[in-house]
Amino acid sequence: MNQEIDDAVPEPADGWTGGLADLAAPAPPDFALGILRRVGIPAERYDTYVRVTCPAGPLLVAYGGAAVTGAALAGAGLTAETFEELYQDRTGRSVLPTEKLLPGLRTALRTGRARKLPVEFPGTEPADRAVLEAVRAIPAGQLRPLSWLAREAGRADATPDSLVGSLTRNPVQVLVPCHRVTYDDGAPCDASYLPSTGDALRTAEGLDMRHFKNVARSGTVFLGSDTTHIYCHPTCAHARRITPRHQVPFRTATEARRAGYRACKSCRPVTA
Amino acid sequence: MMEDKAEHLTDRLALDLDDGFTELVRLHAGPVHAYLYRISGSRADADDLGQDTFLRAYSALQGYSPERRRELRLRAWLMTIATNVWRNHVRSNTRRPVSVMNVEDTCDTWAEDGPGPEERAANSEDRRQLVAALSELSEKQRISVVLRHVVGMSYAEVAEVQGCPVGTAKAQVSRAMGELRQLLEPGTLKGVTM
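Residue numbers (numbering that gives the first Met the number 0), protein chains in the order written: chain A, 0 to 271; chain B, 0 to 193.
The shape of chain B in the complex, shown without the other chains (with noise of 0.2 Å):
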């Protein structure tokens, strides 16, 4: 179902730009947010650099034949772009991408499915650590890790953005997981985030 409907987008986008290109914002706006607002840790930087990312998948659409429109992988696609945008704002931000004190994570959220307020107290705990734990990886390996667990990308899309083979992809991801455990062990932390 997920394939028919990739298909079905990248159809609409050779066949019609502007049409196409609103159901790709549609569908994908959510996760390319998600996943800068995770790598870069601050919420506004991920609404300046998500424009900034479908800005520059119009402009190069544009200069796309139909024929190489309805070949994209979208999803990897963006995330690519998406990821050159970040590297290119924080190698001209000189200043570290990351610190732990202004990672926000209120929970302003519009989703109607979140949890209850009792649940977020109880959980954004275990979230503000989790935040901070990711901030301590690599940027590579939070690249892995924030698109394979939490935009939900295969291994292939993971691989595709980072421009290595699929294996390779994998065993970062399985790495990184292991830092993040350590990293979430009681007491790790604390020095950090304090």
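So that you can see chain A by itself, here it is in the shape it has in the complex (with noise of 0.2 Å):
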């Protein structure tokens, strides 16, 4: 409307800004946070996150309540400003920059271990949910299946690449560990992530891809043990105390089982 005014004046010929623009500098971290507290606007009004590091690199991790309600790594080209804008998307939600770790936080990214920490799926469909819940049953170090995976969410019909699919709509990166999900071949799926940040996650949890990748070549889906007669999947815990003498490679559960070998109950191979 005052365009016509606002064009007589014009701006410094060359443009000069002098470099103004980076003087803006961020506000700290509990700013806003600070004046919601003060304004009185109740805590269940709005979820917060912190920014902590990985071995992937620094990951944003969203909670609301006691439970982590997303996360995702930060360096990928993604911003703060664009984590909350995606969060506000998917879950209706305002989330503010905190530097208050949720309990039990920092400990289950430090061990991988992050199956009890509590996490929810605001917006997330329940089919994506139940394979998500079953991601988080993988211990950490451990790797499984998209069959597996299948089973242990209730979706047994669900094909790979609806499995895939779930696995890509992961709201809570890292904290539900995709990364220890690979094909039926052995190969990493690395849906939500790029294959180095999957790559640098099951590096730090002391999984040997090198390794694994020779063992998929050469056709050994399962491991036995021929002093117990239990199979199971080859980073099993129990599979991996087998010493090599006494290890049996199977190409298929069928095998193990005409063999006379029983299914591990801890990694829960899929019998079928």
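Errors might be hidden in some of the hints.
Below, a list of computed lysine to aspartate or glutamate pairs in the EDC-like style, where the Cα atoms sit at most 16 Å apart [unchecked claim]:
1) Lys-4(B) / Glu-151(A)
2) Lys-4(B) / Glu-80(A)
3) Lys-264(A) / Glu-151(A)
4) Lys-4(B) / Glu-84(A)
5) Lys-99(A) / Asp-29(A)
Don't read these hints as lab results, they were simulated from the structure.
Join the two chains, each given in its own frame, into one complex according to the hints.
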């Protein structure tokens, strides 16, 4: 409306701004939150997020009440601002930065054991949620194939693509450890991560992917022990304790069963 | 897109004050803080005055009808409140608002995309000079320049905060930029900063 007047006085011809834009220093992390507290907005009207470090770089973790409600790696071009907006779109709630850590979060990230950390999935479809809950049950330092995931999630009829789709939509990266899911041939899915991110997370958990690649290439899907006659996923804690001379590789569960082996009750291989 | 967001926000304020206000704080706490920091020259003042700004905004919004909330041009409105809060603070403090000696420009930022340590070292001297030069401007000019070039507001918004015609705001910014440039000429600031 004031366009004419607006143009009457020209900008400095060379558009010199003296680097003033760089002076827009960010507010202290708890500034916005302090305002809401002081104004008296009830804490249940908004969520907060902290910036922490995980083996794959900086991670933004949102939580409401006592449960984690979102997490995203900030390394791959994701700014805090985008994170806030995506969160808003997904959950319909505002999320504000804080410096206060959710109890147990740091330990969960350090150890990779995030299973006991309360996690909620606001705005996530029930079918996706079932898959993500199943992913949460994969112990640190272990891998599970998609077929296992389908059974654990109660979605035995789901196609690999739809499972991978659910993983891609993982709203709680790292803490819902999608990097522990592989295709049935043993290759990591890394649906919601860059491959380098998945590798960093797996390496931090002590998974030697080169070793497991060789295992998979040899056609070994399960590993049995000839002393116990139990077979496991190769990354299962029990399988890793089998000394080399007692290791018996199997290509299928049927093959193992025919040889008189039963499935491990910890890692629960798909027996079909 | 920015316009859409602004409209969306005034809608939320009209529908549910607490919900809209939370979003208002999320989006505008940073710019308001940056603005107050750069006109007052003190981070601590920006913290306190920023809180006051939003507290006032909230009480004002409580008294507004949903229609009125919907009509607000929020950014200019907030910056106007911030300006008043700061002016009141200066008046009640009687001492000079900005002295170059206590200008803190620490780089204890939270931004993940900020320059690395080396770049910062190279920039910090320029920054210090710029901050010092800014504090030499008149109050009106400093407000205009910071709103326009630090916060990144349009001239129409600057004019609204300053309560003047757009042309005047533009002239103010333009003159202030000229002065800043002069102040930044080598040698000009020496007596002031040391």
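Results of checking the hints against the structure:
1. Lys-4(B) / Glu-151(A): violated (41 Å)
2. Lys-4(B) / Glu-80(A): It holds: about 14 Å lies between the C-alpha atoms, which stays within 16 Å.
3. Lys-264(A) / Glu-151(A): holds (13 Å)
4. Lys-4(B) / Glu-84(A): holds (11 Å)
5. Lys-99(A) / Asp-29(A): Since the Cα atoms of Lys-99(A) and Asp-29(A) sit roughly 9 Å apart, the hinted pair holds (cutoff 16 Å).
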